[in-house]
Structures are given as structure tokens and as C-alpha cells.
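So the sequences go chain by chain: D and F. Taking my numbering, the leading residue of the first sequence gets 1, the next gets one more, and so forth. Taking my numbering, the leading residue of the second sequence gets 1, the next gets one more, and so forth.
In case anyone wonders, no lab produced these hints; they're calculated from the structure. Every value quoted in this text rests on a predicted model; they were computed, and no experiment measured them. Keep in mind that the hints are not guaranteed to be accurate.
To be verified - Label-pair distances were calculated between CB atoms; the ranges are: (1) D:193 <-> F:64: 38 to 44 Å; (2) F:171 <-> D:73: 39 to 45 Å; (3) D:60 <-> F:300: 27 to 33 Å; (4) D:60 <-> F:293: 49 to 55 Å.
Unchecked claim - Residues of chain F placed beyond 10 Å of chain D at every Cβ, according to the derived structure: (5) 46; (6) 101; (7) 199; (8) 225; (9) 231; (10) 249; (11) 275; (12) 281; (13) 311; (14) 312; (15) 316.
Beta carbons: idealized from backbone N, C-alpha and C, even for Gly.
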Amino acid sequence: MHGLLLRLSGIDAEAEAAVRVIAAFDQLVAHRADTGALVRAAAGLAECTAGIHDPLRGVFLSVSSDGRSVPSRVIPATSTLAKVDDGSGAEVWLDRVGGPGPLDAIVAERMAAAAAIILDRIFGSASYAIDPGALELLLSEQVSDVDRARCARLLGFSEARTIRAVAFLCVGPQRDVITRSLESLTSQIRASGDIMQLAKIGDLFAAITTADQIPPELPAQIRAGVGQKVDPLKAPASWAGARTALRFTVNLPGLKRPPLQSVEDLGPLIALANHPIDELRAMDDVQAINNVAANDPSGEHIHTLDAFCRAGSLRRTAAELYLHHTSVAARIAHISSALGYAVDTPDGAFRARIALTLWQLSQDLD
Amino acid sequence: MAAEVEGAAHKPHTSTFTGNGLQYNYDAELAAVLPFNVKIPFDNVAEARRVEAEGMAEQLRARAELPKDPNVLVQDHVLPAAAGSADLPIRIYTPARRTTSLGALVFFHGGGYVLGTLDNEELRCVHYAARVNCVVVSPDYRLAPEHPFPAAFDDCYRTLCWLTGEGAHLGVDVGRIAVGGISSGGGLAASVAQRARDEHGPDLALQLLLYPTLDSRLRTVSNARFTDTPLWDAHSNRAMWEYYLAESDYPAWYAAPALAESFEGLAPAMLAVAELDPLRDEALEYALALLKANVSVEMHLYAGTYHAFDYIAPFAQISQRALADQVNSLTKALRS
Numbered sequence: 001m002h003g004l005l006l007r008l009s010g011i012d013a014e015a016e017a018a019v020r021v022i023a024a025f026d027q028l029v030a031h032r033a034d035t036g037a038l039v040r041a042a043a044g045l046a047e048c049t050a051g052i053h054d055p056l057r058g059v060f061l062s063v064s065s066d067g068r069s070v071p072s073r074v075i076p077a078t079s080t081l082a083k084v085d086d087g088s089g090a091e092v093w094l095d096r097v098g099g100p101g102p103l104d105a106i107v108a109e110r111m112a113a114a115a116a117i118i119l120d121r122i123f124g125s126a127s128y129a130i131d132p133g134a135l136e137l138l139l140s141e142q143v144s145d146v147d148r149a150r151c152a153r154l155l156g157f158s159e160a161r162t163i164r165a166v167a168f169l170c171v172g173p174q175r176d177v178i179t180r181s182l183e184s185l186t187s188q189i190r191a192s193g194d195i196m197q198l199a200k201i202g203d204l205f206a207a208i209t210t211a212d213q214i215p216p217e218l219p220a221q222i223r224a225g226v227g228q229k230v231d232p233l234k235a236p237a238s239w240a241g242a243r244t245a246l247r248f249t250v251n252l253p254g255l256k257r258p259p260l261q262s263v264e265d266l267g268p269l270i271a272l273a274n275h276p277i278d279e280l281r282a283m284d285d286v287q288a289i290n291n292v293a294a295n296d297p298s299g300e301h302i303h304t305l306d307a308f309c310r311a312g313s314l315r316r317t318a319a320e321l322y323l324h325h326t327s328v329a330a331r332i333a334h335i336s337s338a339l340g341y342a343v344d345t346p347d348g349a350f351r352a353r354i355a356l357t358l359w360q361l362s363q364d365l366d
Numbered sequence: 001m002a003a004e005v006e007g008a009a010h011k012p013h014t015s016t017f018t019g020n021g022l023q024y025n026y027d028a029e030l031a032a033v034l035p036f037n038v039k040i041p042f043d044n045v046a047e048a049r050r051v052e053a054e055g056m057a058e059q060l061r062a063r064a065e066l067p068k069d070p071n072v073l074v075q076d077h078v079l080p081a082a083a084g085s086a087d088l089p090i091r092i093y094t095p096a097r098r099t100t101s102l103g104a105l106v107f108f109h110g111g112g113y114v115l116g117t118l119d120n121e122e123l124r125c126v127h128y129a130a131r132v133n134c135v136v137v138s139p140d141y142r143l144a145p146e147h148p149f150p151a152a153f154d155d156c157y158r159t160l161c162w163l164t165g166e167g168a169h170l171g172v173d174v175g176r177i178a179v180g181g182i183s184s185g186g187g188l189a190a191s192v193a194q195r196a197r198d199e200h201g202p203d204l205a206l207q208l209l210l211y212p213t214l215d216s217r218l219r220t221v222s223n224a225r226f227t228d229t230p231l232w233d234a235h236s237n238r239a240m241w242e243y244y245l246a247e248s249d250y251p252a253w254y255a256a257p258a259l260a261e262s263f264e265g266l267a268p269a270m271l272a273v274a275e276l277d278p279l280r281d282e283a284l285e286y287a288l289a290l291l292k293a294n295v296s297v298e299m300h301l302y303a304g305t306y307h308a309f310d311y312i313a314p315f316a317q318i319s320q321r322a323l324a325d326q327v328n329s330l331t332k333a334l335r336s
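So here's chain D without its partners, still in its complex pose:
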């Protein structure tokens, strides 16, 4: 810089300086700056070191006031930081010898606002920051550990942090709306400092996240299976677990299940999912449930059976269903005769509950 440029630090009126700062970053956006141009211009105008870090998109850049790259990969503790407000967890900073200047906060803030636009322009929306192919490779059992490790790094996952795979299924017609709500879920998780990558794989949306929990209040029409916690290189196992858990969220007339199921909460029930669907469908007890369901379009018999198997007594079932216990007893007798075994014994209830679960697992996902 030299005499034909006003120095930011030399402008007395803060308001005037702020107007010029805003105009400068507007110019960068208008003239389609890339991240390097953004950081160099910030460093040049502020006459100090400036940087950007976007863990998801794998961007780390720090330059000194002469526009040359600084090799360090750490954000100095003395920096003036600003978050990039796109849910990506990216941030920008200024670092000045002798501590922050009076205008550093506004420069960093405008830089962050420009960064949100520039990162989106270059890498795409924060939810799809990366090539979905990389996520698919990371989840695939067919790739070598070396390739999987490379994909994990590319996606921002490090070996130091465990991950979970999540399988999302959108049901119903408005898929684009659902896609947006998944993006907002992704942003929500990222905003809390976790990494989450999302990609569409076949009929499912696959996610890998460092978050320990997915918020159970999923948007309507979305069901999710959450895989077990694993090292990033074991992502395919977690993905298999997530897809298995997803099968336990299938809803059928009379059979309501929570939309979010973690594989770890299934316990030994997971063993039921190991059978091929064709074998499940061929089982006598599953066919028997199918027959009951076929004559029960409202699902009231299936609902009664499910409630009875869980509650374990006619009285508790009646209370849950707001029915008189004699009505429950009549339905259970009817179902018992249809199934060919007495449901109102502990063994019969257990058998029916397993049959209901296998019937659920024998369904297509949507």
C-alpha cells in the first residue's frame, strides 16, 4: 500500500471507514473473488494477517499484509474471529501484531459475510459442500482402507473423532421440501460445531456426522436410522447399521413406530433383521399377520394386538386404547383364532410380538 490509498487505520471517522470497508467487500463479491482474493484483500486493506478456515470444504488459508501465504495451520489465539453464517462452521479472522485494531471487528464481520457468498459460489451450498461421490465411497465396503481414509479426510473427518452414519428416508410426495428440511437439519448440527455431510444415495439420503445424537424431532415425512458409533474407516458398518435401524421405523396401518431409531437401542432385535426379506414373507406367522392386516384396513386389530403385546394385560391395553377391557378381550380372541395360537398367554404374546416385528421388517421401505 502506498500514498494513493487511504489507510484504514488513518481514517478518523469510524462511520466513514465502515462505509468504505463495506464497499470493498461488496466489490470483491461483485467481481467474483475466490477465497484467496478475499483473504489477500482483507489482509492488504487491514494491513495485518488475515485467514479463512472451512473444515467441511477443506479450506485453510492465511496470508500476511503483503498478500503472501503464511504456512501456519493454526488460528492465532489473539485473532479477531468472525463466523461464516451459513451453518458450515467456517470462520475468518484478522490477526494483528500488538492486538486488535478498532476496525478489525467490522472488517472480520464483512469478510465473513462475503465469505458465505464466495464459498457457496465456489463449493456449492454448505449442505452439499462436497462431491457426493466421496461420501458414497466412504460408505462403500468395496473400497480400500487407503481410499476410504482419503475420502474421510476430504470430507473433513479425522481419525481422532468417531462418527455415525445416518440413513434418511423421505416418504410422501414433496421430496424437494424434504430435501430442504434435511439441509436445515444439517446446518443445525453444523452450527453446534459438529461435522455433518449429506448425500443422496439411491432412494436414501446418507449422512455421516460427528454428532452423538440426531435431534429426535425430525421434520414430517422423514424417517431415520442411526448407525453405531465407529471410527471413520468403519463407516460402512455404521451405514449398514443405520439402514437396518431404518427398517424398524416403517409404519403400517395400526403399527406406529417412532421416526428415529438408533441401531444401538435395538439390542438383540437386530438379529431379526438378518433374514432375507423373502424368507420373512414366507414364514407362516408372518403370513398370518398379513392375513389379519388384509381384513383390517383401518388397522384397529393390528393396533390392539401391538398394544396388548407391549402392555402384557387386557386391563392395561384397554386403558391405553380407551376401550372397555371386555372389548379388548373380544378382539384378542378374534385375533388369536385368526393367528392360530392364543395370544393372551405370555408365550403367545411374545410370539405375536416377534411376528409383528418380522411382518414390519418384511415390508418395503416405502
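Place chain F on chain D using the hints.
Below, chain F without anything else, positioned relative to chain D:
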């Protein structure tokens, strides 16, 4: 959209940036500095000098906070008044550690023949001395309109002759000397190269012409088009020639080197050209004239740039590239 800068009305010359900047396809980093660019009122010399001095004083305060490059010695010196000339201050940049005799560059600052001091290009000269490993000598030549042509031209040529005569004492191999300059300094370098040829002066290794002022005829498309470009436009260009041109015993082309009758036998040239600069086309024409006369030319046209962009925004990637091109060209030309 860029906002107009409010509140600058009481300081009429501290802001030029009132447009949205989108009328030209500027390089993004070069566009970013425009809201901070100080408009030099070139039609009012006293005011122009006041504004430039104010900015330079602030700049020197900034430089004082930075560590000096330990690899380059900077010394001021005066060439005493001689027949028909006044004392001529010069600045000499010498690499701190050297083992053999070095090549040298005589470099002329810009400022439209009206503005500028030795401080303007100090950082560039230090950079050249360190990176090219050469001696750089820069004269504080006399300025128009008080001293129109040929004062600056004589001072610049005198500096070259002094270096050729005294260079050995500075550890310079006088067989390896280049001239160079930026803007009006580039025009002066081209004229000095012509005179060196005409008067059988030193055999120059290179003429380094950065966004040079070459042609007083103002008849190019770029000059007609760029009436509102940053740092230099057609208006300042016209005013400059009015300040600078004057009757003299020299041929007219020593004032405006594009007017030369012959380009044969001139030193090899390196031309740096900015795309959005009224001076663009005269530089391209000059390059072509040199090539037609069998003079070797290296030319760089930087897209999206305005006049003297590497001076105003040295941090920008394209400025770093331009500076690296200059260093490479000088290094090659001054190699033993």
C-alpha cells in the same frame, strides 16, 4: 452494490469511488481497494501535490512501523550541479551481501512528470535489489510544470551516465545496466534508451517499461475509451502532456518516445501493460514498433487491471505475478 462514500464532501479530494465499479471487469482484488483510492486532482498541481504528500506521509508512517529489509542497503546521494543542471538527489539500493560485481538498474518513479519523489518506488526498488541481486539507482528528477521537458529527461540520462562512469566504485559491472520506470518513469526510461542509442552511450541490457507514457498524440482507442479509470484516465493523460511538453533543442521524440523516427538498435524491452488503462494501446503499438525494428520484446498484458495496479495494491495476486515477471525479466537481462 458498493455504497457511495458519504461524508467526504468537506474533503473534496479524498475519495474517487462513487460508482458501483461494475462498468469494468476489474480483477476482484484490484476492485476491492477502489473504495480507499485517493483521487489526485491532476488539473490542479498544487492541490494534487498536497493530496499526494499527505498520503505519502501516512504511508511513510506505516513503513516506519515495518522492519527494514536487512538484505538491502539504502543510501541517499547527490549528484552535484553541473553545466545547465541543478543538484540531483539520487537513492542507491545495494544488496547487503555480494561477492562479485553486480548488474544495475536505473529506475524512474511515476507521477505524470508532475508528482512523485524517491519514496514512491522505494519498496519496489528494494524488492528488485534483493530479488534480482542488483544495484538500483533512482533519481529525484525535476518535475513539470516548473521544469518541463527536457529537465526530467536530462536528469534521468545524467543518472545513467553517472552510473556508467562511477559504477565500478559501487561494485557494478557497467556492461550490465538496465533502465526502467513506471508510468511517466517508463516514458523517461524509453527516451533514455533512445538517447543511449543515439549518443552511443551505454549498451543497455534492458528497458523495463511499466505502464509507460509514450505517445503525446492521444489518438488511441484506449485513450478515448478510458475517461474514468482509476489512477489514470484520459483527462489526466491530456493534462500531463500539457504540463510536460515544451520547446527544446532535442528532437520531439525524446519527450514522447512513440514519435521516434527509428526504433532500430534499441535495447531489448520488457513491457508491462494494464488492460483498463488509457496508456494501453500506445504500449502495444510501441511493442509492435520495436519488434518490427528487430528489437527483442517481452510483453505482459494483465487482464482486469488498471494503471499502476502493482503500485497501489501490491498484495493482490496479479500484482505479485506482475512483480515476479519484472524480477524474472531483470534477472535474465542482468545475468553475467
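Results for each hint:
At roughly 42 Å, the beta-carbon separation of residue 193 of chain D and residue 64 of chain F lies within the given 38 to 44 Å, and the hint holds. For the pair residue 171 of chain F and residue 73 of chain D, the supplied restraint of 39 to 45 Å holds, since their beta-carbon distance comes to about 42 Å. Checked against the hint of 27 to 33 Å, the pair residue 60 of chain D and residue 300 of chain F passes, with Cβ atoms roughly 31 Å apart. At roughly 51 Å, the beta-carbon separation of residue 60 of chain D and residue 293 of chain F lies within the given 49 to 55 Å, and the hint holds.
Non-interface call for residue 46 of chain F relative to chain D: holds, since the shortest CB-CB distance, roughly 17 Å, exceeds 10 Å. Remark: the non-interface label on residue 101 of chain F is consistent with the geometry, its nearest Cβ contact in chain D lying 30 Å away (cut-off 10 Å). The beta carbon of residue 199 of chain F is kept farther than 10 Å from every beta carbon of chain D, the shortest such distance being approximately 35 Å. No beta-carbon of chain D comes within 10 Å of the beta-carbon of residue 225 of chain F; the shortest separation is about 19 Å.
Once the 10 Å rule is applied to beta carbons, residue 231 of chain F is inconsistent with being away from chain D; the minimum gap is 7 Å. With a closest Cβ-Cβ approach of about 35 Å to chain D, residue 249 of chain F is found to remain outside the 10 Å limit, as its non-interface label requires. Even its closest Cβ contact with chain D, about 14 Å, leaves residue 275 of chain F beyond 10 Å, as expected for a residue assigned away from the interface. No beta-carbon of chain D is positioned within 10 Å of the beta-carbon of residue 281 of chain F; the least distance is around 23 Å.
For residue 311 of chain F, the condition that its CB be more than 10 Å from all CB atoms of chain D is violated, with the nearest at approximately 6 Å. A beta-carbon of chain D comes within 10 Å of the beta-carbon of residue 312 of chain F; the shortest separation is about 5 Å. A cut-off of 10 Å between C-beta atoms contradicts the statement that residue 316 of chain F is not in contact with chain D; the least separation is 6 Å.
Figure legend: structure checked against the earlier numbered hints; hints not met, in rising order: 9, 13, 14, 15.
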